[in-house]
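Engineer: Line by line, the protein sequences give chains A and B. The letter at position 79 of the first sequence is residue 79 when you use UniProt numbering, and the numbering goes up by one with no holes. The letter at position 484 of the second sequence is residue 484 when you use UniProt numbering, and the numbering goes up by one with no holes.
Note that these hints are calculated values from the structure, not bench results. One or more hints might be untrue.
Covered stretches of chain B (chain A as the covering partner; in silico rule of three or more C-beta atoms under 8 Å from a C-beta of chain A) [claimed, not checked]: (1) 28 to 37; (2) 119 to 131; (3) 269 to 283.
Glycine included, C-beta positions come from ideal geometry on N, C-alpha and C.
Protein chains: 2
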Amino acid sequence: MERMGSGVVSWLMRIGESKPGSAQDPVDNLAMFIILICACIITGHQLKGFRWINEPIIAIFFGLGTGITLLVLTGGKSSKILVFDVELFFTYFLPPIIFNAGLQVKKEHFFKNLMNIMLFGAFGTLISFFITSFGSKLFFETLGIGNFELKDYLAIGAIFSATDSICTLQVLNQDELPLLYSLVFGEGVVNDATSVVLFNAIQKFDLSHINAMIVFKFIRHFFYLFTASTLLGVAIGLLSAYIIKKLNFGRDSAYHELALMILMAYLSYILAELFEFSGILTVFICGIVMSHYTLYNVNTLSRVTAMHAFATMSVIAERFIYLYLGMDALDIEKWKAVSKSPGSSVGTSTMMLSLVMLGRASFVFPLSFLSNLLTKSERDKLSLKQQFVIFWSGLMRGAVPMALSYNQFGKSGDDNKQQANAIMITCTITVVMFSTVVFGSLTTYLIRLVLPPSDFENNTHSSEPRSPSSSTIDILPFLSNYTIQDLEEDDRISSRKISRLVLFLSSPYNSVHYYWRKFDNAFMRRVFGGRGFTVHLTSSPEETLEHSLLV
Amino acid sequence: MERMGSGVVSWLMRIGESKPGSAQDPVDNLAMFIILICACIITGHQLKGFRWINEPIIAIFFGLGTGITLLVLTGGKSSKILVFDVELFFTYFLPPIIFNAGLQVKKEHFFKNLMNIMLFGAFGTLISFFITSFGSKLFFETLGIGNFELKDYLAIGAIFSATDSICTLQVLNQDELPLLYSLVFGEGVVNDATSVVLFNAIQKFDLSHINAMIVFKFIRHFFYLFTASTLLGVAIGLLSAYIIKKLNFGRDSAYHELALMILMAYLSYILAELFEFSGILTVFICGIVMSHYTLYNVNTLSRVTAMHAFATMSVIAERFIYLYLGMDALDIEKWKAVSKSPGSSVGTSTMMLSLVMLGRASFVFPLSFLSNLLTKSERDKLSLKQQFVIFWSGLMRGAVPMALSYNQFGKSGDDNKQQANAIMITCTITVVMFSTVVFGSLTTYLIRLVLPPSDFENNTHSSEPRSPSSSTIDILPFLSNYTIQDLEEDDRISSRKISRLVLFLSSPYNSVHYYWRKFDNAFMRRVFGGRGFTVHLTSSPEETLEHSLLV
């Protein structure tokens, strides 16, 4: 036992002393990360009942703990244990999370909320971006920190506009508050896409001599990226549906169709990055399209597996990212550089946190007011309590700001910027840690405070909170996610047919939805498949399986 | 369209001109690989009926085609398009393939065949290793090629002893020839493990002054690695079963248990590599243990997903490896170095191919004879036709020899070895290409020739070839793989109980199996779960689901 203990210590020392970036022996780091992710999942399961703790916080603490252990074991020698690898994050860990989001989102609620989602996610993020940019410019120039250019301030605005709503989504229950959930969820994804697009546009454009023409071009470029990314996502999603429908893989090569789905989903992201679009937006849209068409062209088993497998990949990627964030917080060299002027560092972090809150508040409440003006139905309007939940869900900052910040300020550039760069990195680390741990741990408490369970019924037809172990259907979390609900949806749609004319006039969403349904059934499903269309699926034994699964 | 075409060309040129190893922008390469893997899967599906073509050949040709295209587009400038990344292969692509093998193997047949598997896989590989080593020593010294040391010849022996039985397994049908399939399959995995262990042992030991003591130590080390790897695999497999059983994840966090399974499977491989055991053997054993315990401690949906998801990962990894092999074949610099002495290069390749065949033949037939002597039951003896299939299945060489060869001869060492090193690399490429493409494409034809479908019944209780689309059960390829068969197995076991005494004396396998079953039921399943043991599973709705899936 003792020998084993000293073995572990010497192993950890080896990890600590290995240079970051030198990928000569990834086995050590891999083993450590895998053990830590397992520990996070197990601890997360054990601490499920605790109100103040959530999965990101657990992972961050595990990361911090490991980082400190390594630091102590190597006697502070390894000044950088791990440097946040921007590429690793954007190329391998973000895509599965976002794709899974697109695949699992309840399309009905998402599209019902589309106006609000775009309003908050795109327009709101722009407002937050401007406030953060000019707030930080004012602050830095007043205190005389660093020699930042306009470009840097705009980058700061983009960096700190990227929210991380994972904590909030863990608390909100999709079944209890479907509309609010889809709004927070959709806004989160659109927000990520918007801030990354903004950041890339800032890096690309020469903003030193700003004028109306450049601003116009910038806005045009922004909209171009948005549209192109969406179209690419739709195109690859439809292509995957078409190919898998045409090929009609047999039952014995079921994993071939699943492999194609995974590869094409990833391809959508990679192609978007290649064309310099927004991969986040593309892969999200691709997920939505795939969940509407492709998922129904594969056999039932592949369908269930796909949902389940993507959720699993997303879980692993999320834990990894938070662990990484925790370990990364100990970038000693940067902290040393900052320690010469501790005042300005604390000041900057406090200021950025205030700007984050200010930026968020200054669009959530006005835009909610605007949205309520445009909404006719009284029950679809956003109550003040719901507005608060939306406000709160956007306060956390996560891996995206971290990655963008390293991208902008991580390079060791000219000397007169180095101090300011170090301040920005440590400030980002502080904001991410503080918001995730402090704001994150308050989330459950606050949401249950403003939205007690009795408030839930005004948004859902079944107000009962589902008890996880009481019904048979619960063992099929993913199946029930789409089949049962979709079947219900179908029923509702057919029974509504008579009153279609009334709805037609009263609600713009419903009429658009009605025409989309018609077009979808008449043309799209004929070409791209989708639920219940293709003959060989309807009459096949799979329907029997699906039926028996639902009994 | 034209613009798009030129865009593709300039993109390919960019890929071609990017330096290998400089991982600055992986997006280009990733996009290319994903598109190619998709193309392989689609083409493979379309060409399913063709007898001379199989998946590895398609992937290799796609790889070669892309390599040539890149080479032409860059005007031969990019001398190395891709250098085989040994680490990438062993760390990321091999583990899922081997783990999937362990998970999907039919345990009953595997353990029934264990003696033969170890005989061919371990002892046979050693024979082949000695013949290849001393054959190449004789050849090189006679022709005076290179200044190789004994160590290099031994490495050559280990490199060319690693078979690749994927082609053969694609032709053999597990349901038609279960025992032969499990023998070829098991031998392939044990062979991989043996040759990698051998190779590592050779690199570690100082073999310049060989004597009896060193040989003894070498053999002891070899057995130590074998035992330690097996024990580690069992330990991690059991640990995963225990943890997942204890935690009893709810239905709503089904993907957490799946994530734990994936991570712990990978952990077994990584830990084995960390301790310098054989990761291949460890992860294979871990897969077997997990399929016996862990798979039954998760809910039915996770179980189905796990089987399906691992098979999918394996498919993607396999395609990737063969694509890589194809592209890698165009290592221009090495070919240029070799072109100074084309005769010795062709000679070496021919000699190595002959040695591969000789090495294989010289243990398959003698060991089959030995195995037949030890087997009492007439129907379990290996017929000459089956011996030929075993012989043939070990002629193909794949990614493992390639990786080992780059490891041994890929470094640019001292000058007087450089020519010989280049010859060995190109020789490995030639052997891998030739054996996979030529031997591989003959496989279907030859196996159908020596084992026509009428020969199949002597090995299986259900002799009917299953038609893939006729029965309902076929839509559940993975479920049926383990549940139905295992249920049958159970029935048979209980009905045999009376005649146990008779069997006890007549067959050593059955008596060992009987005691194992007793121990398994009395102790192992109580602690580690497994099929049908745990109460909360038996009485839960999942059993109902499982039942309805099987109806």
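Engineer: Hints the structure violates: just list their numbers, smallest first.
Structural biologist: Violated: hint 2 alone.
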